[in-house]
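Undergrad: Residue strings, one per chain:
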Amino acid sequence: MKFEHFGRTELLERSGWPIMARELTKTLLPGVATRRAVLGGLAACAVAPRAFAQDAPIRIKHAFGEAVLKEPAERVVSLGFTTHDTLLALGVVPIATRYWFGDMPYGVWPWAQDKLADAKPTMLSGEVSMEKVAALQPDLIVSIGSGISQAEYGVLSQIAPTLMQPEGMGTYETRWAALARIIGQAVGKSDLAETLIEQTQAKFREAQDRHPDWKGRKAVAAYHNAGETGGFTSTDTRGNFLVELGFAPSDTINQLGKNSFYAGLSPEDLSALDADLLVWVSSFDSVPDLVALPMRKLLKAHKEGREVFASTTTAAALSFGSILSLPYALSQLEADFVAALDGDPATPVASSVAAGIAP
Amino acid sequence: MRKAAALMALLLIACFFTLCLGVGNAGPADLWSVLLDYDAANPAHLTIGAIRFPRLMAGLIAGASLGMAGSGMQALTRNPLADPGILGVGSGAAFSIVLGALLLGQADTGVVSALAFPGAAIAAGLVFALGGGLRGDVGPVRLTLAGAAMHALLLSLVSAIVLTRSDSLDVYRFWVTGSLAQAGERPLLAMGLVAVFAGVLALVLAPIIETLSLGTTLARGLGTRLVQAQAGALTVVTLLTGAAVAVAGPIAFLGLMVPPLARRLAGHNLRMEMLASGVLGASILLFADTFGRLLIAPAEIRVGIMTAMIGGPVFVWIARGLQREHHA
Chain A
-2 MKFEHFGRTE LLERSGWPIM ARELTKTLLP GVATRRAVLG GLAACAVAPR AFAQDAPIRI
58 KHAFGEAVLK EPAERVVSLG FTTHDTLLAL GVVPIATRYW FGDMPYGVWP WAQDKLADAK
118 PTMLSGEVSM EKVAALQPDL IVSIGSGISQ AEYGVLSQIA PTLMQPEGMG TYETRWAALA
178 RIIGQAVGKS DLAETLIEQT QAKFREAQDR HPDWKGRKAV AAYHNAGETG GFTSTDTRGN
238 FLVELGFAPS DTINQLGKNS FYAGLSPEDL SALDADLLVW VSSFDSVPDL VALPMRKLLK
298 AHKEGREVFA STTTAAALSF GSILSLPYAL SQLEADFVAA LDGDPATPVA SSVAAGIAP
Chain B
5 MRKAAALMAL LLIACFFTLC LGVGNAGPAD LWSVLLDYDA ANPAHLTIGA IRFPRLMAGL
65 IAGASLGMAG SGMQALTRNP LADPGILGVG SGAAFSIVLG ALLLGQADTG VVSALAFPGA
125 AIAAGLVFAL GGGLRGDVGP VRLTLAGAAM HALLLSLVSA IVLTRSDSLD VYRFWVTGSL
185 AQAGERPLLA MGLVAVFAGV LALVLAPIIE TLSLGTTLAR GLGTRLVQAQ AGALTVVTLL
245 TGAAVAVAGP IAFLGLMVPP LARRLAGHNL RMEMLASGVL GASILLFADT FGRLLIAPAE
305 IRVGIMTAMI GGPVFVWIAR GLQREHHA
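Chains as they are written, first to last, in the numbering used here: chain A, -2 to 356; chain B, 5 to 332.
If you are wondering where the hints come from, they were derived from the structure by calculation, not from laboratory data. One should not assume that every hint holds.
Partner residues are not named here, just some residues of chain B that face chain A (Cβ under 7 angstroms, in silico) [stated by the list, open to error]:
hint, residue
1, Leu50
2, Thr51
3, Ser183
4, Ala185
5, Gln186
6, Glu189
Here are the simulated distance ranges between beta carbons [claimed, not checked]:
hint, chain 1, residue 1, chain 2, residue 2, range
7, B, Leu218, A, Gly353, 54 to 60 angstroms
8, B, Val320, A, Ala60, 39 to 45 angstroms
9, A, Met166, B, Pro32, 48 to 54 angstroms
These numbers were taken from a predicted model, which means no experiment stands behind them. All C-beta atoms in this analysis are idealised placements derived from N, C-alpha and C, irrespective of residue type, glycine included.
Looking at chain A on its own, in the form it has when it is part of the complex:
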């Protein structure tokens, strides 16, 4: 479970960083001030001539304005914490990725590693360094789900056309299908994007067809992190994953967490988590505190062996919520969902047994 990226915007604005960055950009690209000029400058030093130049530029409207590309992007900096997954799925290896969490090379997790192959993108960690981004000379910056501010956007969009989340969307609310469509358009692979979306949806559909009994049964994705326990709402990528498999969300959790993406609960009453299927999403493989959680032992879902444990990598796949990670999560969890929901409390759920949370 990750709750990061809070409060960075205000800090940056107060520190006068955007102005500094703008100055830096000018220093790096002397005599260049406008976006048009930047593009011109970059086009002049582009490595290879483009094979196909489109007649009409690609225009993508978003929350902070509009990205205009003369031709499909090739040198792409991926600033969103998960957007490199989508780019890799579309066969575009980004020249830079953003570090979110974990010890994966270039921030690329197992579900996307074969698409990365031998490429060695620059991994950007911590705050976005405008200087580094400018030095990479991108022709597109994918900043959807990056948490950058409007002021930072102002600087980035002078370096290269920059994509933000669609208008009216929260910073981290762009779901995998919408993301694939937007990025597909920017790299000139809209048809491929539609095909991939269809393939991914088919995987969810096939899972529903294999398990018609899942339809309408209540499922909750829950966390327990250092003394705080709660559930993810169905607007969250983890809760949404269960809905896409046909499960019904918990109205109690959705109601309690209606202004957020999760609902915190009292350790004295965890009854809101009691569902037909209870999926614990954890940042760790070993969870002595969850094993010891007193009220969990009174949940029917626990007593009847309907708990599933998503440990580090599977949990990360759920948190990434990308076009590549969700099918991976499904493949990791499907057998356990079946074991949990077979109606027999005695059937062992492998992940719960491994984590020591099984009854």
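Given chain A, work out where chain B should sit, using these hints.
TA: Frame of chain A; chain B shown alone:
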């Protein structure tokens, strides 16, 4: 005597609230049945026995320890705005926890919480050495300056780790503000023993520590061995703070706001003040935790946030009081 009885009554009410109030459906009526016939399948029994009782114990240990440590620290540094955090003890504990989480990759279990202890001790030792302890020349100002520098250094190291590694952030976030919610998984018995030992030691050393607050010249004139007295006071504060951090994480402002209140009740006698600080500290922490559980129910507000919310205004009140004394 009447004041002592009032303090004890306050503590008893705090204990009663802790055991009987909360989201879970368990009240005073269940207390007896829990004691007589404990049933782990009964939600009310589980709530009182496995959730609220460990919270009570952790609250008593952490609250009493921080109250007494605050009194010790204020006497040692002759600064009524000092608290255990000011000598880098709290940030030392936090630093070793984050470092432990980074190196061991552990969830915040007993191993990580136990790391708070050596961290606090090493930080206090370094501050003592930097403050001139090795040359036998520790003044309150030097000690406070060394502590503030150590505190700043350790906190920036913590930030450096946390900002580059978000998995250690996951662990650290819950150590930035203390909580009694995980009391059941903390080494309560061991830390309780440490706290009792350090508390007794504090009461024994109180008269010697008290001479320190008269100033080094006068203290030396009274025959106090300065270095030993200061080292003793620092040991007591470290043990008390370490025990508190190990069961509840860092809790802001408690060590700061309790001693001035205790001084009003107990007068200028450090031994009595420390006793009052212990009782008051435990009571305030338990009240803060109980209200934190009820304010935004069913979710909880961490007790470290509650004490900061109460402590902020108290801090201003103490500081304003000081200014008036100064002008008078």
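Undergrad: Does each hint fit the structure? Answer for all of them.
TA: Status of each hint after checking the structure:
no.: 1; hint: Leu50; result: 5 angstroms, holds
no.: 2; hint: Thr51; result: 5 angstroms, holds
no.: 3; hint: Ser183; result: 5 angstroms, holds
no.: 4; hint: Ala185; result: 4 angstroms, holds
no.: 5; hint: Gln186; result: 4 angstroms, holds
no.: 6; hint: Glu189; result: 5 angstroms, holds
no.: 7; hint: B/Leu218 with A/Gly353: 54 to 60 angstroms; result: 57 angstroms, holds
no.: 8; hint: B/Val320 with A/Ala60: 39 to 45 angstroms; result: 41 angstroms, holds
no.: 9; hint: A/Met166 with B/Pro32: 48 to 54 angstroms; result: 50 angstroms, holds
In summary, this structure violates none of the numbered hints.
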